[in-house]
Amino acid sequence: MNHRGDAMSDKEEGPVPLLAARSLVKAYGRTPALRGASVALGAGEILAVTGASGSGKSTLLHLLSGIARPDEGAVTYDGQRLDRLPERRLTELRRTDFGVVFQFGQLIPELTAVDNVGLPLLLAGASRATARERAGEWLERFGVRGQEGLRPGELSGGQAQRVALARALVTGPRVVFADEPTGALDSLAGEQVMTALVHTAREAGTAVLLITHDAQVAAYADREVRLGDGLVLPAGVAA
Amino acid sequence: MSTRHILLGLLEAGPSHGYDLKRRHDERFPQARPLAYGQVYTTLQRLVRDGLAEVEGTDADGGPERTLYRSTAAGARELARWAGEIAPPAPFVANEIFAKVVVSILSGGDPAAYLRAQQDAHKARMRELTAVKTDPGADLATVLSADYALNHLDADLRWMHTTAARLATLTAEVDTT
Amino acid sequence: MTGGPVGGGTAGARPRDGGAASGGRPARDEVSGAGVPAEARLAWQLARGADRREWWRAGLTAAGAALATGFAQAAVVLGSLRGQYHVSVGDGLLNEPGERSGVVLALVLLLVPVLGFLGQCARIGAVHRDRRLAGLRLAGATPAQVRRIAALETGPACLLGSLLATAAAVAVVLRLWSSPAPAAWAGLALIALAVPVLGTAVAVLALRRLVASPLGWVRRARPRGGRGPALLFAGGLLVVLPSALWTFGGARKGLPLTVFALVAAVGAGTVWLAGGTARLAGRLVARRARSAATLIAAERLRDDPWAAARTHAAVLLVTVVGTGFVGVRQALLAELDRMRRDHQLGMPTAFYTTGIGLTGAAILVALAITVCGLAVGTAESLADRRRGLAAQVAAGVPRAVLGRALLLETALPLAPALALAGAGGMAIGTWYATLADGTVTVPYAALLVPVLVYGCCLAAAATALPLLRRSARPGELRYA
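If you read the protein sequences in the order shown, they are chains A, B and C. So for the first sequence, numbering that gives the first Met the number 0 puts the first residue at 0; every next one is plus one. So for the second sequence, numbering that gives the first Met the number 0 puts the first residue at 0; every next one is plus one. So for the third sequence, numbering that gives the first Met the number 0 puts the first residue at 0; every next one is plus one.
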């Protein structure tokens, strides 16, 4: 908490961050998305990444969560170089240590809410009954009770996002990556989703990397870093 | 904000004394500026003077003597009138932030730096209010009043964002007139 | 005071607009007034701006149209022969009108899997295309214009395929036949024109609902039911039916009708069977699924069993016919052998075996086409879902699990359906063999056919796996 102002120093003073990115460069074709961004996330910290569209927010999330690899720079998670891990290990890590929530589309449309939430457990080798039971508990906790048997298309936007949140949290991850989790929701539904995320993260000590362009959503974080043109902007500089 | 009417409203629930009113006010309107005792007593005296409230009696169970007040029929009518009256939407468009930007331009200061610092301060306050709001023990009144402030701060932020992007044009305009 | 400026503004705007129309606003004129050339230009622009899938669709549609044209033209040319001929290919099988009409019927029946394949091709990029055309409607294009643009998108591909096939057919006919009859030429020309016209008509027909309500189709991501291929299938059957009857004509009127009614009934039955088993398999397996891959595959089947049914119906049809044929062939060959020993054969043995061989080849061709259609369908279903798949991979679902789910989607419903289809084919084979032999004879070799078909289908579905690797990548997450 209260790291305000030292967002860009990648030589971390104090405790070693759980997840850190140093001088990340990434281009899609000839379009540069990141041009040397550095950012650090402490254990249990909620960090908001804001910036205009096209500033490289989503790319930063993809690199930090091991969904994509940087062209240059390093991503360190829990003392190991994430960008050098083989794909198989990365997939496993994303399943066990990380959770992801996107704006929409991360639920499998053909699976019911409870099976969607139970999927990571099933993949981890849990039995179907255990997976469904644990998933049911999470759904109840997030107020999606009585809708366990519905498919994502039959849920409201806010319910679907809370199901997605439950799916991201069901394995007890150490980091949750949320990319505009309330982007498609009205403000009340968005507030419910954010409150559920923040409460659970604080309780379980889960770190959250929250990508948003909404100042009210960013205010749920302990601290905010701003991206502009593929770089992390120092505090007090206009985007 | 009309302290008079708010106190009158609290009195409608039943007779009470000044200390009680202050406590109930601060409870009912969390995160609002707390009322000063002095303000409560002067306001109560004015209400009595205008016939909107009257003294019910005094009680002094052991401690210092305290005056009990209660609302009158005229007070109830006035309260109903006020509660139904529409608050004028944005009667004055001038605001302190804009004034500072303009003055800064006129005096050759750095309006951009000011706006950045102000935005950071706004964001810090928004994080504070959000923390209050998401506290597991927060009641709905707290959440709603925090929401009100958050929405206004957010509006300010967005205004500052667009203003910062158009400072060059504004500077040219202010300097020529 | 308010009326003045407003009235003046409109009055003043009119001549300005009129002046601008000559140079500044071509878009409006292009869409509403200029007619087919402008629409052709627009269709061409759309095609040029389209992604690779659109070119795949065009290429595969052209291939399907070429096959359809080829089979139909071969049937027509053979059908135009009257009486005895000496044809240098086919061991004399094409010399007699009777045998010839059998070959013609086989060729016409081969059109059925071809139509199924064309239906699969039409589904490539269907969601994207529907959205694009609905966007045109919203931009102010009239229904007729949208239909014409759609026709211009499908027509050329069909025409290209048809022209290529016709060129090949003309070359073959000129080599084999010294002086082709005018009727043969007329038939060739008719088919060359009919295939693109029919293909285009089906494409336009499939747009009916889209044209009626552009808004609904812009918003809905995934059309349910998919009547386009069903229409193609039904329309194709309608064309096949009279032509088959016409071909046979004459003395043996009863037989073709029976054969065709049988094929139609079995066809309708297989769609129903495929859909039913898919739903049943989905429901049963979803409840008991223990692994993620099985669960995903089963729930997909339960959600939309008819998608699988459309793809699998042709497979089941080929299996019934194939299994039956192997049984019948075994019995026929045994009988031929017996007759040859008894010197009862009126013709050289090769005459009969060539007929049997040709029928077998036709069934193999049908199987090949069907399996291609299945591969295309699987690839398309992957391409359709690529954003969702990328999100699953991002969430840590291993690609191997998604790959297994993809294979299971084919394997789960096909197993019971193929078993039933195989049983049906065995019944036909056993019935024939028993009839020929006098005692109950079971042609066990035919049991291999469903197994073989099952293997082919899994292999076809597996060809889409490399595409899964390409589809489920983080780049897809960038576009909502």
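These are computed hints drawn from the structure, not numbers from a lab. Here the structure is a predicted model, which is why all the values come from computation and not from measurement. Heads up, some of the hints might be wrong.
Not everything, but these chain B residues come out facing chain A in the computed CB check (under 10 Å) [what the hints assert, rightly or not]:
| hint | residue |
| --- | --- |
| 1 | K21 |
| 2 | R22 |
| 3 | L34 |
| 4 | R124 |
| 5 | R126 |
| 6 | E127 |
| 7 | L149 |
| 8 | L152 |
Glycine is no exception: its CB is placed at the ideal position from the N, C-alpha and C atoms.
Verification of the hints:
1. K21: Hint on B/K21: violated, closest Cβ of chain A at ~30 Å, above 10 Å.
2. R22: 29 Å, violated
3. L34: 28 Å, violated
4. R124: For B/R124, the interface hint holds, since the closest Cβ of chain A sits about 9 Å away, which is under 10 Å.
5. R126: 5 Å, holds
6. E127: 9 Å, holds
7. L149: 6 Å, holds
8. L152: Since the shortest Cβ distance to chain A is 8 Å, the answer is holds.
The structure does not agree with the numbered hints 1, 2 and 3 stated previously, though it agrees with the rest.
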